[in-house]
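**Student:** Listed below are the residues making up each chain.
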Amino acid sequence: PAAVLLKDTKLMDVKLGQLPSWLAMRDFTPGGIAGAFRRGYDRYYNKYINVKKGGLGGISMVLAGYVVISYIWSYSHIKHDRRRKYH
Amino acid sequence: MNLSFFDQFMSPSLLGIPLILISMLFPTLLYPSPNSRWITNRLLTLQSWFLHLITKQLMTPLTKKGHKWALILSSLMIFLLTINLLGLLPYTFTPTTQLSMNLALAFPLWLATLLTGLRNQPSASLGHLLPEGTPTPLIPALILIETTSLLIRPLALGVRLTANLTAGHLLIQLISTATTVLLPIMPAVSLLTLSILLLLTILEVAVAMIQAYVFVLLLSLYLQENI
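Those protein sequence lines, which keep their order, are chains E and S. Per UniProt numbering, the very first residue in the first sequence carries number 1; after that it's consecutive. Per UniProt numbering, the very first residue in the second sequence carries number 1; after that it's consecutive.
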């Protein structure tokens with residue numbers, strides 16, 4: 001039986017010791033990164049939105065993620081607004 | 001306790017990288033491109049229905065030549081609508097609260113309608129400066145007034161959008177601060193303020209949609225006069 005190359009294994013099947021060499025083999029060119037975003041988008045789209053009876057959940061998860069990311073990005077600014085006696 | 005109520009309108013940046021680009025590009029993620037199926041998924045069906053609705057609404061009063069503007073007007077409408085509505089979510093940033101962005105949208109488009117009119121039918125578009133049936137002594141004054149009103153249109157378009165959205169966001173922040181502060185002191189008044197906040201949020205959703213519509217509608221009106 002032919003062993004699967006490390007390059008072709010999915011992330012969940014990679015053993016912990018092989019992780020650095022697996023990461024080194026990934027495609028980090030701009031085209032590769034764009035391809036990774038495209039694949040992630042397609043996975044989400046085909047699982048939650050491009051279905052026969054897609055519901056509110058598909059788009060709500062995206063909006064909730066957007067809210068969380070906006071909070072994280074504005075945290076350093078918002079943390080001054082905490083309720084304190086002396087600011 | 002918010003230190004300054006205007007901090008929400010500061011252009012967000014992370015370690016010096018401006019994030020306003022991401023908040024302007026995010027709406028593109030929410031609208032998938034149509035595929036060639038006969039029956040598409042629910043999101044695409046809704047999106048196509050809505051797009052047909054607004055394009056038909058905008059293009060009906062225009063002549064055939066004006067239909068070249070269909071793409072930019074309907075995409076502007078969807079852009080403004082999405083950005084305004086997304087700004088109502090907590091912690092998000094609304095790019096349309098920045099006067100610079102609204103003027104950058106309003107000024108070139110208005111100028112394009114004006115130049116189209118002046119180039120293709122100069123006497124007709126200059127004729128718009130004098131309404132029919134004005135008494136003769138009033139003509140010079142009226143021409144000046146109409147020219148002023150014409151030249152102030154891009155400013156009005158930009159400032160209208162900015163002011164409406166900024167005022168809405170500011171009111172929401174003020175009333176919610178009042179609700180939170182009053183809660184330990186006078187819970188009954190806090191509940192009253194909470195109901196005001198709910199009504200205000202509904203108003204803000206309506207304003208977000210209406211302002212986007214008004215922006216594009218006025219541009220199409222200016223186009224009708226000039227095409």
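Rather than coming from a laboratory, the hints here were simulated on the basis of the structure. Where a beta carbon is used, it is the ideal one built from N, C-alpha and C, also for glycine. Among the clues, some could well be false.
Label pairs and their computed distance ranges (CB to CB) [what the hints assert, rightly or not]:
1) E/Arg39 - S/Ile72: 53 to 61 Å
2) S/Leu30 - E/Arg39: 13 to 21 Å
3) S/Ile72 - E/Thr9: 53 to 61 Å
4) S/Gln224 - E/Leu56: 20 to 28 Å
5) E/Val14 - S/Val181: 48 to 56 Å
6) E/Met12 - S/Val205: 39 to 47 Å
**Student:** For each hint, tell me whether it holds in the structure or not.
**Tutor:** Each hint tested on the structure:
no.	hint	in the structure
1	E/Arg39 - S/Ile72: 53 to 61 Å	32 Å, violated
2	S/Leu30 - E/Arg39: 13 to 21 Å	19 Å, holds
3	S/Ile72 - E/Thr9: 53 to 61 Å	47 Å, violated
4	S/Gln224 - E/Leu56: 20 to 28 Å	38 Å, violated
5	E/Val14 - S/Val181: 48 to 56 Å	53 Å, holds
6	E/Met12 - S/Val205: 39 to 47 Å	42 Å, holds
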